[in-house]
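Student: Working from the sequences, and respecting the hints, build out all of it.
Read off the chains here:
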Amino acid sequence: MTDVAIRASEKDLRDTDLAAEDLHDRLSRAWGAKSGLIGWLSDVDHKAVGRRYIFTAFVFLALAGSAAALMRLQLARPESQLIGPDLYNQLFTMHGTTMMFLFAVPVMQAFAVYLAPLMVGTRNIAFPRLTLFSYYVYVLGGLMIWVAFLMNIGPDVGWFAYTPLSGPQFSPGKRSDIWAQMITFTEVSSLAVAVSVIVTVFKQRAPGMTLDRIPLLVWAMLVTSFLIMFAMPAVMLASTMLILDRLVGTHFFNYAEGGDTLLWQHLFWFFGHPEVYIIFLPGTGFVSQIVGTFSRRPVFGYLPLVLALVATGFLSFGLWVHHMFATGLPQLGASFFTASSMLIAVPSGLQIFCWIATLWGSRPVLATPMLFVLGFLFIFVLGGMTGVMVASVPIDLQVHDTYFVVAHFHYVLIGGAVFPLLGAVYYWFPKITGRLMSERLGKWNFWTAFIGFNVAFFGMHILGLMGMPRRVYTYQPDLGWGPLNMVSTAGALLLAASFGLFFINALVSMRSGAPAGNNPWGAGTLEWATPSPPPVYNFARYPIVRHREPLWAEGDELPVAHGLMVSQRELLITTLTEARPDLREGTPDGSIWPFIAALAVAVAFICSIFWAIAAVWGSALVGLTLIGWFWPKSVTEDVT
Amino acid sequence: MVALSLPSVLTGCERWPDALDPKAPEAHDIAWLIWTFTGLLGAIWLAVVIAMLIAIRGGRRVAPPAAGATPLDALALHPAGERSRTVIVGVLGGLTALTVLVLTGLSYATQRSLFAPRQEGLSILVTGKQWWWELQYEDADPSRIVETANEIHVPVNVPVTLKLEASDVIHSLWVPRLMGKEDLIPGRQNVKRVFVTQPGVYRGQCAEFCGQQHAHMGLLIVAEPMADFERWRDRQRAEAASPSSDEQQAGHDAFLKRSCVMCHQIRGTDAGGRSGPDLTHVGSRMTLAAGTLPLTRGSLAAWIVDPHGVKPGVDMPLTKLEPDELNAIAAYLESLK
Amino acid sequence: MRLARLSALLISVALAGPVFAQSPTVTPPLSAAPKDDGQWTMPAKNFANTRYSELNEINLSNVANLRPEFTFSLGVNRGQESPAVMAGNTLYMVSPYPNTLYALDLTKPGAPMKWRYDPKPEQASQGVACCDVVNRGPTVADGKVFMSTLDGSIIAVDAEKGTMIWRTKIADINMGETVTMAPFVAKGKVFVGNSGGEYGVRGWIQALDANTGKPVWKAFSTGPDKEVLIGPDFKPFYDADKGKDLGISTWPPDAWKHGGGTVWGWVAYDPDLNLLYNGVGNPGPWNSAQRPGDNKWTNSVFARDIDTGQARWAYQATPHDLFDWDGINESILLDITWKGQPRKVLVRPERNGHLYVIDRATGEVLSAEAYAYTNTTTGVDLKTGRLQRVGDKEPSVGKVLRDVCPTAPGAKDWNPSSFSSSTGLLYIPHNNLCMDWESQETNYIAGTPFVGAEVRMKPGPGGHMGEVTAWNILEGKPAWVIKERFPVWSGALSTAGDLVFYGDMEGWFKAVNAKTGEVVWQFKTGSGIIGQPTTYRGPDGRQYVAILSGVGGWSGAIVSGDLDPRDGTAALGFVNAMRDLKNATTAGGMLYVFRLP
Amino acid sequence: MCSGSLKALMAACAMGALLGACQREERDQRPSPVASETREQVALTTNSAGPSPPEIRVSGKGAKYEASAYDQSQGKKYYAWFNCNGCHSNGGGGSGPPLMDDRWIYGGSIENIVQTIREGRPNGMPSFRGKIPDEQIWQIAAYVRSMSGNTSSDSAPQRNDSMHPHPSESRTPPSPPVNGGTVAPSPSR
Amino acid sequence: MKLRPVTDLSGLPTYGYGPQSPIWWGTLGFMALEGMGFALAIGAYLYLYHLAPGWPLADRPPNHWPGTLMTAVLLLSAWPNKLVDRAGHEEDLPKVQRLLIVMSVIGLLTLVIRFWEFTQLYVRWDQNAYGSLLWLLLGLHYTHLITDVGDTLVLTALMFTKHARGKRFSDVSDNAFYWYFVIGAWLPMYVLIYWVPRW
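Chains as they are written, first to last, in our numbering: chain H, 1 to 640; chain W, 1001 to 1337; chain D, 2001 to 2597; chain R, 3001 to 3189; chain A, 4001 to 4199.
Read the hints as simulated data drawn from the structure, not as lab findings.
Note that this is a predicted model, so its numbers are computed, not measured.
Heads up, a few of these hints could be off.
[What the hints assert, rightly or not] Derived BS3-like pairs: lysine-lysine, alpha-carbon spacing no greater than 30 angstroms straight-line: (1) Lys-2383(D) <-> Lys-2242(D); (2) Lys-2226(D) <-> Lys-2187(D); (3) Lys-2582(D) <-> Lys-2458(D); (4) Lys-4167(A) <-> Lys-633(H); (5) Lys-1320(W) <-> Lys-3061(R); (6) Lys-1257(W) <-> Lys-3061(R); (7) Lys-3061(R) <-> Lys-1163(W); (8) Lys-2257(D) <-> Lys-1257(W); (9) Lys-633(H) <-> Lys-4162(A); (10) Lys-2483(D) <-> Lys-2393(D); (11) Lys-2524(D) <-> Lys-2582(D); (12) Lys-2339(D) <-> Lys-2235(D); (13) Lys-2226(D) <-> Lys-2169(D); (14) Lys-2114(D) <-> Lys-2524(D); (15) Lys-2226(D) <-> Lys-2383(D); (16) Lys-2108(D) <-> Lys-2120(D); (17) Lys-633(H) <-> Lys-4095(A); (18) Lys-3064(R) <-> Lys-1320(W); (19) Lys-2477(D) <-> Lys-1163(W); (20) Lys-633(H) <-> Lys-34(H); (21) Lys-2257(D) <-> Lys-2244(D); (22) Lys-2339(D) <-> Lys-2242(D); (23) Lys-34(H) <-> Lys-4162(A); (24) Lys-2235(D) <-> Lys-2257(D); (25) Lys-4002(A) <-> Lys-4095(A); (26) Lys-2393(D) <-> Lys-2344(D); (27) Lys-2483(D) <-> Lys-2582(D); (28) Lys-1337(W) <-> Lys-2257(D); (29) Lys-2383(D) <-> Lys-2339(D); (30) Lys-2035(D) <-> Lys-2114(D); (31) Lys-2399(D) <-> Lys-1163(W); (32) Lys-4082(A) <-> Lys-4095(A); (33) Lys-2242(D) <-> Lys-2218(D); (34) Lys-2483(D) <-> Lys-2458(D); (35) Lys-1257(W) <-> Lys-2169(D); (36) Lys-1163(W) <-> Lys-1257(W).
Tutor: Next comes the structure, spelled out in structure tokens:
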């Protein structure tokens, strides 16, 4: 009885009076992952998941980039025999699909998984097992499509997979099914992560982090997560309809039997346009953090920036038709979408002005992250300008589906997301690994990327105006598109080399970079308040936030809270707006079930491509694993 | 802009497609709009980049020491500076909105003029197929209907209505020097009006990804004076010319004997297939395989003997032909002016 | 809408049922329908196509005792559309492919086979028969039996000895041509047309000399006036049918060469006017988008000078046909009083669902009332003669047009109706079907089908598929209607005994009260009935009724061709409606002859 | 290294499910040698003089087509282009016999079907010799095999964007040709 | 960096109900995205309805009785659902157990009714787009029914084990919360599937 009582009190031990080392030991024990392969697979620490997520996303970036390089090689010369149409179509589909679904969105969410809990000052993400599960589902989906590609079942209908080309009649075999199922994989994963991020930001902010003290990056991630939540169901529905059309003979897109060809496009772009902002908004978050840190002052215009994020989020749902100007929709409707598309330039412009106002006269530190932000401004603004052009119905009718548009969205996406992302990697790499990346290589990396990118893509504007359509595997010599394509290929190779430098820099620095310390850049947000890399429990004690940049405001001493258990994982739950402490809630330990459930999901999804009935028994299998997942294994899980 | 005067096998003197080298009012309006947008937006972009470069003046190469210390700069921001920044950013935001408004207005005005209803002139039904264009010149008198493929002849200065349909997947018709795109969507009919003011040969291409040979789905628009056009149309309406030499006769016979007859139509013979392009007057066209090859006897033979060498994945099968059969068929088809 | 129409129909049935003013104002012309001699020498009984017999030994009072007297197997289990034709003391009938002609000796008990003639048509001809390998019977005239074969031969056989007198090949199966119609013999000539409207043939009707088989004239249904035999005598009533070379100019260039317009149905002859009336079949292909224009002279009726073939007038009932509404149905020649004026008319239950009353001297349409449910047309503008279409019921390529009524086989197909001089009613066996239709682009490849449509038929309003309608021509409305589960694909026969005979596709051979439609007798034969009932006075002076049992034809192809019921589009879409037929009957080929005990 | 083993595991799983993918997805548009005609020696009956069954010699080419989704899909396209559907409808038959059932008058193997298309059959099936190149005959024959569910369901064509006649070939339960399964004697078949 | 403790949190409760609890927010998040899915599916239905010349694309609209029964059962279930929610808040175990059994039975009943509904649509999913939509809408909702019923069953079982305490009561309440969503999502579909074609 007393034994139990002692054990109970031991279990109920609080961090209040513990010394730093003791606290560290106990927290490390409570929060640490189990050893061994199972332990590794079961690790629900958001940092572990986030690291793997980021790493995986960059693997996909490399794969998709290689596909792009191959395509550029094929296009370097007219009527080149290097790659036939069959492979080329698979390549550009894999490139687009991977970049959009397996790189751009996941990498942003990966950063959210890694950074959001740190930046809001909590110990783990909300629903860590769900997040781990999402990661596995994402990996398995990505693996499936790439293994399929290597086995010549790569989708060949474009990342947009327009019906009827992607439908049952015009895409024989399993290529489109693989694509549609991969969408389902990644969407399940994205949606779950989005919910986790939203709840983390809503309910797990450090005490005192009221809504107007949330870091801009976290705002960006929050808005992004909402975009995902409302946009992704559209593409999931669409891809489900597509695969049903293909596998069990439904008629959603069969115009002969009452379906409609354009239904696909409406659903796809209802997702597809917000998708661009899903990718771009976290980029602005990165920029805001980096600009603030390197100009060494709070970012100018916090409120307008937050409002701009929210406004962009709302507006992004009103633009989808500008991808469909050439489909013969009613003209009045089309011009409405012109107006709304151009309107989005206003919040974007406002953001740009705020950043420049922040930099103005601040004598910013031109470290590599900052260089990438400057590159971002240069490239993205240009992409934004061409974006205004394609929003105009008449201009769009001329440049739609040409290389002009290819140039435009690479300026927007590489400029607006990849450059900030690379900056973000340089910026947070020391936090994640504890070591700084090489500045020298970083500068080489930046300049080769900047020059390579512009050489590769600027000429495409002109190619588009010259009449070169997208998605052509070759072109005839007498069209005169050869020289610019050759130049573009050269630029693309330089860009590829630049990414090589980036990977080398990261790998080398991971082993031998300069040690970073807690806060190498002198930044002001909470993630820099813990050691680099952060301990498994993130914060020894919950920080208390009284300022937007707590580290700048508080000086050397950070106010913290205590009273949480140390033998079990416990999170502080706060209220939605004021972030007042509300609950000490348990958070799950590591578990192998998310992995098993993800495997079951993969089996169900992949098998249902080949046997429709697998959707039924596969779901039963998934259900069983979920029961295993949620069934409490120990009494402590009930109490906490 | 890059000099584009590249030789063309077809016309020798025409410049190749260029959205900024318009030959029709629609393309002209759009080109004007593109230039306006480019000029205005380019200036804005330049201003932003210059402002950015000014903003980072005196940028430091290395981070100042003292990680974790309160940055002095943060505190150094004067309220006055803050206020002026607010004003400037506010004004710039307003200017952005104004620019957007102006551009929307310009765009809408152009759009209005593009889609303004025009009187009906010639009406052509264009059906997109993998990977060629089927054309039908409509006429109230059915016996005056003309069917052909891949080469749209239009009279200059006459409004032409293109009715766009597709029989398999989505295609998109685009002739940069004449007009923007309009999709050809299965199950729907879109309408595109074109009004060409200058005679000439204009290249167009499918602009919506439509499968393996999307890259080789070109077409020509041949704009010519009304009299020439009428002559062309009368010739197209006639039956195919009868073979005038032994070789052509042999080609005619081989055409009907071999798999050609299964898919192609030559009016005036028993070949009535519609899966492939109508060949009744194929010899009068400038190109072969949807704008892919110049039409010569040699390219006809090359195309017939190995279509997949030219357009891998095309539905036209490899046909086993004796060499003299091949030559004869090429000769016959070439004679179908 | 549908319901309203249906209930209107039912109410009119109820009201009109007891009212039978014997109408002396409707009679067939005596020259075309002479007084009955008790024989039945041609499928439609006489030149006026009345299918009415004045025999009345079997009548309402005794029909219940009717029983089979003898049967005879034709040895071919395909669709039996032939009538049993009786001339002299012999009964003749033609089997489906291989088109064996049988002669049964009626003078002997059990009617043993007198002779058989086997024309040995080409086997391959079966491949170009669109809708089962049927034959619509022989015609006996001047001691000769005239028959056609599937592969396109017309044969005259000595009626007594069964030996061939002449044989003329008139159709080429390699171009998709076949012949299924019964030769029509009048004024020393044999008239016959080709089948193959689904194979891109060019339709025609020919006159052969009855004694030698030598061609006398040949009139195409499409093409230049010279070949259509349109000359200075041609005086069509409506403007739409006037003009030069309409057979070319109402088609896209050269499309008329494969444009169908076959003549495979019924022909009528008015000796007084010396005019031959022939209907023309559907244009090809079914996909109407491939043949913009009126597509003359498909789906038309021609009045031709019987001696020269020169057209006197023509009327196109269904211009620019959208749904395979052949115009080959029977023309029944009648003399009526119309609005106080005596008119010589022909009455045509068209496939488009309207019963046309046309002045047979001028081609003027006097009336065109819908005798079956239709939602595709609203009638005929009598000023222009133009069929009025419902706007949204137009097919387009690649899109399924739903609920099209009537269907491709029409409100009524080839199966002939019967006009009873005793009741003055026209008995129309017909369909109650609707369909979904999708036009598709199709290739013309000689000798293969040229259709270009996917069709899926289904029961019409009410859920039944067949009807027998007794039609009052003057009032333009039905007297009564019988509903049948399956389409009624057999012809009708009416007799002076106030009886109407027909068969259903389950195999029931029925006699109904001609005045009320009440079934008064029925007999279950071995297979579904799609044939033409006939009646004759035997050598013993007794009245006999004959019918061939053996399901098939287009509607019965699912059984006779053993088609797969899973494919609704099989047999040009008929299988979708007929899935149950396989459970209701099996193929057969048997003659049943009935007599009172 | 752990992610390596994970990937290996997944790859193995995927390999299992996607087995045969290479054949199914192969898109060989330039057959070699060009359009040569194969000689298939197949009997039309299982009956043979002497105790042994009829000797059969086939080129073995059929397996490639029966496994290829691309070839069967091309076959489906040509089946309509060349008017096969005019007589055989979407497999249910019409003036020609049904193709989706298990009864094969002239044999149900792909070689039989190739011969039927190429040479024609006496009761109405025209000969397409010289009119359809060999490669396309094989593709059509493979498609015809898929109509009765006799090619694997993951290579058989799916529904067309047109009227729905019946569940697509990929969803048709297999009906292997029945030996001697011709219909009850009927002179026309 | 030095840490300066300023607040003691040891007195906070370890679980909460409703908006206090992250699970509740997570559930709400999933409802939002699933609701979006339903809304888009309904949008797709209305879009195709708008394009079609006639509706429904079947001989007759579906038999509404199974759907009406389903609606009635779901609406009636809101009452025990409310009770179970309240009992969860009150942490009244016997009551929770009893009501969860009721809810499980109701749940299983809805699964059966839904099966019947499928048979009374009079159109197959592969017949035309209308059929496809009906099956999709019903199927989408069916998956939610199955999920929530499965969840209810597991929770019911759990409440009869030693785990039936503390936070599990909050789970009961969240489960009840989700059931409201299942009911709410059904109502527009019911109108759409059964009454729109009868209009």
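Student: Please go over all the hints and tell whether each is borne out by the structure.
Tutor: Hints versus structure:
no. : hint                        : verdict
1   : Lys-2383(D) <-> Lys-2242(D) : holds (15 angstroms)
2   : Lys-2226(D) <-> Lys-2187(D) : holds (24 angstroms)
3   : Lys-2582(D) <-> Lys-2458(D) : holds (16 angstroms)
4   : Lys-4167(A) <-> Lys-633(H)  : holds (14 angstroms)
5   : Lys-1320(W) <-> Lys-3061(R) : holds (18 angstroms)
6   : Lys-1257(W) <-> Lys-3061(R) : holds (26 angstroms)
7   : Lys-3061(R) <-> Lys-1163(W) : violated (45 angstroms)
8   : Lys-2257(D) <-> Lys-1257(W) : holds (20 angstroms)
9   : Lys-633(H) <-> Lys-4162(A)  : holds (11 angstroms)
10  : Lys-2483(D) <-> Lys-2393(D) : holds (26 angstroms)
11  : Lys-2524(D) <-> Lys-2582(D) : holds (16 angstroms)
12  : Lys-2339(D) <-> Lys-2235(D) : holds (24 angstroms)
13  : Lys-2226(D) <-> Lys-2169(D) : holds (23 angstroms)
14  : Lys-2114(D) <-> Lys-2524(D) : holds (27 angstroms)
15  : Lys-2226(D) <-> Lys-2383(D) : holds (28 angstroms)
16  : Lys-2108(D) <-> Lys-2120(D) : holds (28 angstroms)
17  : Lys-633(H) <-> Lys-4095(A)  : holds (25 angstroms)
18  : Lys-3064(R) <-> Lys-1320(W) : holds (21 angstroms)
19  : Lys-2477(D) <-> Lys-1163(W) : violated (45 angstroms)
20  : Lys-633(H) <-> Lys-34(H)    : holds (16 angstroms)
21  : Lys-2257(D) <-> Lys-2244(D) : holds (17 angstroms)
22  : Lys-2339(D) <-> Lys-2242(D) : holds (27 angstroms)
23  : Lys-34(H) <-> Lys-4162(A)   : holds (26 angstroms)
24  : Lys-2235(D) <-> Lys-2257(D) : holds (25 angstroms)
25  : Lys-4002(A) <-> Lys-4095(A) : violated (51 angstroms)
26  : Lys-2393(D) <-> Lys-2344(D) : violated (35 angstroms)
27  : Lys-2483(D) <-> Lys-2582(D) : holds (20 angstroms)
28  : Lys-1337(W) <-> Lys-2257(D) : holds (22 angstroms)
29  : Lys-2383(D) <-> Lys-2339(D) : holds (17 angstroms)
30  : Lys-2035(D) <-> Lys-2114(D) : holds (28 angstroms)
31  : Lys-2399(D) <-> Lys-1163(W) : holds (17 angstroms)
32  : Lys-4082(A) <-> Lys-4095(A) : holds (12 angstroms)
33  : Lys-2242(D) <-> Lys-2218(D) : holds (21 angstroms)
34  : Lys-2483(D) <-> Lys-2458(D) : holds (15 angstroms)
35  : Lys-1257(W) <-> Lys-2169(D) : holds (25 angstroms)
36  : Lys-1163(W) <-> Lys-1257(W) : violated (35 angstroms)
Figure legend: structure checked against the earlier numbered hints; hints not met, in rising order: 7, 19, 25, 26 and 36.
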